[in-house]
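S.K.: End of the sequence shown sits at 638 in our numbering; the numbers just go up one at a time, nothing left out.
Derived from the structure by calculation, the hints contain no laboratory data.
The C-beta atom is built at its ideal place from N, Cα and C for all residues, glycine as well.
There could be a bad hint or two in this list.
Each pair of labels, with its calculated beta carbon distance range [unchecked claim]:
no. : residue 1 : residue 2 : range
1   : GLN519    : LEU638    : 24 to 34 Å
2   : THR501    : ARG577    : 45 to 55 Å
3   : SER554    : ALA167    : 16 to 26 Å
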Amino acid sequence: HPQRLTVPLIRKAGATKEMMDPADPLTHFREASWDEALDFAAAGLRRQPVSALAGLGSAKGSNEEAYLFQKLVRTAFKSNNVDHCTRLCHASSVAALLEGIGSGAVTAPVAEVAHAEVIILIGANPSANHPVAASVIKNAVKAGVRLVILDPRGQALSRFASHHLRFRNGTDVALLNAMLHVIVAEQLYDRDFVAARTTGFDDLARHLADYSPEAMAPLCGIGADTIREVARLYAKAGSAMILWGMGVSQHSHGTDNSRALIALALLCGHVGRKGSGLHPLRGQNNVQGASDAGLIPMMLPDYGRVGVESIRARFEAAWGATLDSKPGLTVVEIMDAALNGAIRGMYIEGENPAMSDPDLGHARAALAGLEHLVVQDIFLTETAMLADVVLPASTFFEKTGTFTNTDRHIQMGRQVIGPPGQARPDLWIITEMARRLGLNWRHDGPKAVFDEMRALMPSLAGITWERLETEGGITFPGGKAILFDDAFPTEDGRARLVPAFGLAPAEQVDESYPFLLSTGRVLEHWHTGSMTRRSSVLDHLQSAPAVNVSPVDMAALGIGEGAILRLESRRGSIEAVAAADSRLKPGTLFMPFCFVEAAANLLTNPILDPVAKIPELKVSAVRLHAL
12 HPQRLTVPLI RKAGATKEMM DPADPLTHFR EASWDEALDF AAAGLRRQPV SALAGLGSAK
72 GSNEEAYLFQ KLVRTAFKSN NVDHCTRLCH ASSVAALLEG IGSGAVTAPV AEVAHAEVII
132 LIGANPSANH PVAASVIKNA VKAGVRLVIL DPRGQALSRF ASHHLRFRNG TDVALLNAML
192 HVIVAEQLYD RDFVAARTTG FDDLARHLAD YSPEAMAPLC GIGADTIREV ARLYAKAGSA
252 MILWGMGVSQ HSHGTDNSRA LIALALLCGH VGRKGSGLHP LRGQNNVQGA SDAGLIPMML
312 PDYGRVGVES IRARFEAAWG ATLDSKPGLT VVEIMDAALN GAIRGMYIEG ENPAMSDPDL
372 GHARAALAGL EHLVVQDIFL TETAMLADVV LPASTFFEKT GTFTNTDRHI QMGRQVIGPP
432 GQARPDLWII TEMARRLGLN WRHDGPKAVF DEMRALMPSL AGITWERLET EGGITFPGGK
492 AILFDDAFPT EDGRARLVPA FGLAPAEQVD ESYPFLLSTG RVLEHWHTGS MTRRSSVLDH
552 LQSAPAVNVS PVDMAALGIG EGAILRLESR RGSIEAVAAA DSRLKPGTLF MPFCFVEAAA
612 NLLTNPILDP VAKIPELKVS AVRLHAL
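Produce the complete structure using the sequences and hints provided.
M.R.: Written out as structure tokens, the structure is:
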């Protein structure tokens, strides 16, 4: 691609940190040799106090790269200020899963829907975001499986569903607790499973007493009879899968949303057997593997908490370093700290917070205000435009490494071609940066890094580099696709039933901001569009920034298809083209966040889930008018 980064870049003296033409980086940068760029990058970080440094790794890179990146931050920066895009997608799901069942990954692969009697799909649009999963679901339905969709917005899979409950945005807990109330009140739960495999039932039952369908119906917008019907359908199924997406997780009560889903599965015994399980549909190609490898601020590889001395000691012995016992800052917290001067230097690999973070005006000001920013990427992203030094990296075709998909399936990615120009594999760049930051690393390629990971991560037991080379892929742990058939990885072997709270989104509509905006992805463009918008075919299919509006609202506003609208929230404003969408309920809007010329995240709310620190990207109060 003509915009691929092929040579290291250093910002010109006096060049303003601002959005610019990515096709012409030399207006603000000059070319440099690798030695000069790496020396400059490391020197700028070394000038800052280690307490003022942070790093963002990538969910698009390999497991080995994620592992080395978090190791660099923890040993060179001497803190746990390392995170990646899981904080913006399924951090709340992982937090609830770890709390409830002792594991932060799926309990069964997507393919198990073929063996289910009922599928609950909530807060996800697989046809646009997980097309392979959508095909599997459609095939299952055609074979007789019942599909129940819980989502405020219609979708392509709606016509395959026996029920589609279009509840009000942000009222997931109200709906799910009402379903749980029915299952407990009508004694539809699996008594043997609950007694033998769980704790907390009595507390949960008391909590649910006030959440009858009749009480919750006015809040969630779904009739009490429909809630009862769906609850009974799920509870009485011999096997059932729950799949969910970021419509569940990206809320100020996202952890509670997932807690309620976990409680549904546990109450009915739909975990640990054929055709049953809990499956958060992961986003990026390696967000599961990056999380497993420790690219999160409160946990070391394999989800060992940084505050537990015995866990920390294992890594200290292996790495020859003293590790911080305090959890680090998360993505949004890092931006807050950068804006107030507590964070002064950052190393960002393959992430684009200048497009993906909530309240972008705030995030971009934070990035531009850093004293030193190092960005490692394949294109001059919006984040790279604000960097002091840019290091040209590689795509997965151009390097060898392992990747872990949403099914816990680890696969070998083999280099097919070399990186263009002077671009280098990310593993090489991270290692060279580490050496210049005072770490005496001598990793001899990805296999050596994977072997180090195996020695420290019990989940990789029995999975060798040689097996991955010959077998193509292996599911962890131990090759088991369906987990927890006899016990959960908790201290007592039991899962926890945790009550869920949070009945409404943090930001409500009012007379000044009467519409609810939800953001997400579209089939044509992935996340911030840093790759897909550079595809002429994909950008031709969806080239203009559009905001989807209910036809009812369009008629009330007196606007037609293609009208130019200004959207305003309490945080910013953008202009976009109106697109009629009959799948939306009146009063709600949808917009993808991939368009830099109309960046939806200029509008979104940075308020955080208190447990997982994930922002409420799915609900923002806005107003709009035609230009």
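S.K.: Among the hints numbered above, which are violated by the structure, and what are their numbers in rising order?
M.R.: Every hint satisfied by this model.
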